[in-house]
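> Each chain is listed here by its residues.
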Amino acid sequence: MNITRRLLGKVALGLAGATILMQVPALAADKPAPFDKPGVKIALVRYLSTGDFFQAYLSGVEAQSKALGIDLRVLDSRQDAALQSDMVDQAIALGVQGIIIQHGLTESMKDAAQRAVDAGIKVVAFDVNVENPKIPQIEQSDRDLARLALEQAVKDNGDSWKAGYVYVAGIAPLDRRNETWVDVKKKHAGINEVAMFGTLDNPIANSVANQARSVLTAHPDIKVMFAPYDEFAKGVKIAVDEAALNKGIKIYSADISTSDIAAMREPDSAWAATAATNPAVVGQVSVRALAQLLAGEDPGHNVIVPPTLITQKELIDKDIKNMEDLSAKLPQFAHADVAMPAWMPNPNAK
Amino acid sequence: MTLRDYAIRYGFIVLLLGLVAYFAIAADGFVSPQSAVFIFQSVAITGVLALGVTATLVVGGFDLSIGSVATSAMMAAAYVMVVLEQNAVVAVVVCLLIGAIVGLINGWLIVYMRVPDLLATLGMMFLLVGLQRIPTEGRSIATGMTMPDGSVANGKFGDAFLALGRHRFDFFIPNLIPVSVVVLLVLAILIWFFLEYTRFGRMMYAVGSNERAAELAGAPVKAYKIWAYVISGVFASIGGILLAARLGRGDIASGNNLLLDAVAAALIGYAVLGAAKPNAFGTAVGALFVGILLQGLTMMNAPYYTQDFVKGVVLVVALVFTFALSGRGRS
Amino acid sequence: MVENAVFRVEGLRKSFGQNEVLGGVSLNLHAGEVTVLMGANGAGKSTLVKIISGVYERGGGAMSLAGQDFAPRKPAEAIRAGVVTVHQNINDGVVADLDVATNLTLDRLTGKGVPTLFNPSRVRRDAKAVADRMGLTIDLRARVSDLSLADRQMVAIARAMAHQPMVLILDEPTSSLSSAEADRLFRLIDRLREQNVAILYISHRMSDIRRLADRIVSMRDGVISGVFDTKPLDYEGAVNAMLGRKIHLDRIVAKGAARPVLTVEGLRIAQGARPISLTLGAGEVVAITGLVGVGKTALAETLFGVRRPLSGTMTMNGRPYAPRSAADAIAAGVFLVAKDRATSGIVGGFTIERNISLPFLRRMSNLAVLKRRVERATARRQIEELGIVCRSEKDEMPTLSGGNQQKVMVARWMAQDSGLFILDEPFQGVDISARRDIAAKLRASADNRATLLFVTELDEALETADRILVMSEQTIVGEHRNGDIDLERLLAEVAGGPLHSAA
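Protein chains in written order, with our numbering: chain G, 1 to 350; chain X, 1 to 331; chain F, 1 to 503.
Okay, derived cross-link-like pairs now, EDC-like style, lysine to aspartate or glutamate, Cα gap no bigger than 16 Å in a straight line:
#1 G:134 - G:111
#2 X:156 - X:85
#3 G:37 - G:71
#4 F:371 - X:196
#5 X:277 - F:396
#6 G:41 - G:71
#7 F:74 - F:107
#8 X:311 - G:201
#9 G:329 - G:314
#10 F:339 - X:211
#11 F:231 - F:214
#12 X:156 - G:266
#13 F:128 - F:99
#14 G:313 - G:266
#15 G:31 - G:297
These are calculated hints, taken from the structure and not from any lab test.
Take these sequences, add in the hints, and give me the full structure.
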């Protein structure tokens, strides 16, 4: 091919034109400042990043940022608390207008967040309490997650059964889910927790499966397994299958992923229901809450993303095979009407 | 033999039997064929890894990469079947190849590049933990997952592959013994026979005890060392295959807990029958010991951290048996 | 001269258990004089040095330094009193990861009254003073690990001299130096001599000794066997006294060789060495003798394939022989009982039985599966043959005495028939009765193979061999039939100098 200067020139013109065209809808939308122009700079400062949940969260943040024409910078500290705090300062130095703090430790992030606020930057925090009245807290409600799953368990099995419970203390979301479990046991005296176990040895599902097998050997009369974290549930399911008790036991859990959907859909699967918040939606809500702040609106101090109950029956009836199907066929899972003022573009709208 | 000799030789076996007796009384349902099979099943994966690392211990080396080889093999199996939509045989072959190649690289680093074994395999461990995330950009692999480029992976774990984790053979009682336990037993017998009864195994012990003497006796010392790491890598990848077959998906994991449990089993094995050296029978008994302990403690509702604590105590006691009582540590 | 001795040792004794290592050693060192101490392995040199430098406690006798009683209980005490030792292993004397300046002043970093803070400029100033006094021209900021062996040695000696000692002991300081490097060391020693230091120099190297010695003291079997201090020094006499010349009552009857087994042509084992040519015949036992460090082990390893010659050819039983590994050599029927059994022979975790079978596992297995019965039978036969004292073939090696361990090593390589059987220092650390047993066994079984021994001790060669070859400077310099040996000539060859009858 003969590449001439004219050809190159055409390509360059075409590219420039395309860029302009793509920006037209954003320009045309009727949005408050600063979103009337594209290029608002924000930073996502992460503490945790590996794993499906965090990948999905990031995709939500990216989708909503794109819909708002935001220039997003991602700073990932990879579980280094000190580095994460430095990264907030780095973001300030970059001249961003808003910061999303995703996870981290209260001790290390409290001061960093205050420095950002002092520098005139709008900040929201997800799943880390930075103890600052000016910073909205984005939360997925762990208590609601546990409540939804356990309500379904009572609905399916009545309120008198022997239960196995998977729990590792000291992990904040699990601790919050545990509070609900304690409440539910108090309310329903017939629920008898005969075994509590759990481990975070990785691969977690494999280690939990080993423990669950031992528990099932000791207590073959367990009716319900409450495993409020999908890795736990996956492990319990393996053990239940291996012990061939899958018809006599039901598993209730929290969180969801494509492989969880497959496991729940298996014939005679013991995994009856799970309650989940869509991490992508949480990511979208984080950006929207920050955008509201930047536009001078108040999203409220606690922005709670409500969970959705997903039952085995629904998955089979609606032929849901993966996360995309889930978003498409359960609209309440795909989108939460949180932090949605009229001008806010919905990233899911095609 | 003096009382002390008896203590060194049979002390650990007696401890094991005592433990079984205690759990039989204290934990309902501990004594049953199903329970026994399950103990084997729970240690099958770490047991296979431990047998592999025993080979490197025999030649005086160490392999810290086995945990990550296992999880990488698991990811590879999932990737081959789910993303590339290949069958179970291809998946198994790819896993074994990965194990062999990692072993060769480890051996090459240690023998020809003169990197100390702990450091070489530590580097390999980090490398693999990162590498297994690259193809999927850090996502776990399951049927129906969305790939980085937005497409959906539609392959699935073949039934033949899942059977490796789920099929059970009849043994007096129908559907009793899972494939993983059979694999563990077969590999244990193989490596035991190899180390104890073949000239290759004997030479590997000689290399581990006095490398120069082995070389002057005509042994290709470098080749033996590299082979030991290949054995370790292949065994670890077999562990990864069993792991993938049990979980039915490819999970992002470092495999560090697999590594630690496997090494603990191999080291506990030093104390079995007063061997005071790495040996396959001891490793198998060591793995079983850990399995029985965890099964019993879980049945008695002991939380996970007490289990780690007890595992540590057993390991320390075993090492004391090996190094202090038998007096081998000094020579 | 005796009156002005700076350092005196009187009747020093030391035993380890039953074994008497020093049987009353007396020695005087004079200021501004280099006294060379010669002695074969096991003569007690290193024990003597360790007592003087405060590592071992003496078993009896007295020592005095400048008229004062000298009885160090720790190395630090000896150094403080003014007796400094530079040990053979250079790396014991320096810290490789620190720079030269820090090394030179290292001893000032510990002890009382040392400031807690490390002051680099003061360290450099002090170090410069030390280096200047010694005429050292090494970059003080260089890391010791980047220096050559000779430079490290210089640093170690300079560091020792920073204490301004009265007595300096150098234990085989040139054993890993090239001749040019050694020259630099000698100039340094000359300088120290001028500074009136009394120097005890331990070495086997005749060239060093000729260059440096003011006096020579020979040691043998834990006693001083000769003192030579009239010039010109009687070097052969000193070697004589060190190796010991006894009348051998049990002289062997030397046999001649039948057909040639190994022929070596123009073999060069070191840069600048003269090529070696020799022929070994079936049925004869040949001993190669020479001082430590003349290339005996290098030659043994070359014949066994674990070291490559620089040039030359070898023929085994008429066929070209160019082994690339020990395995090649073994396959060709060349076996080696290596020097220093602990590091290169014994597999510590193995029983006697498994130590014996080690090189022949392929021949003792069927499709790689070991034939344990054959293995056991072989071990039992060999234990019987060599009279190894043990409870059974299942005994672990550490339970055996040194002599029996060595017998196991010999038994290992006699378990199968060889064409050429090489033994490098087979009598090291072996008691006299085991030594006789092994020698008798070697001679009795020698008929169908060539047997080659490398020994430093002349006695061992005289007791065992039909023919004795002398090595010096990495090559063979003399040949003797063990019948009517001209010991004068042989000793002169060992000492490496031209024969002069005035001795």
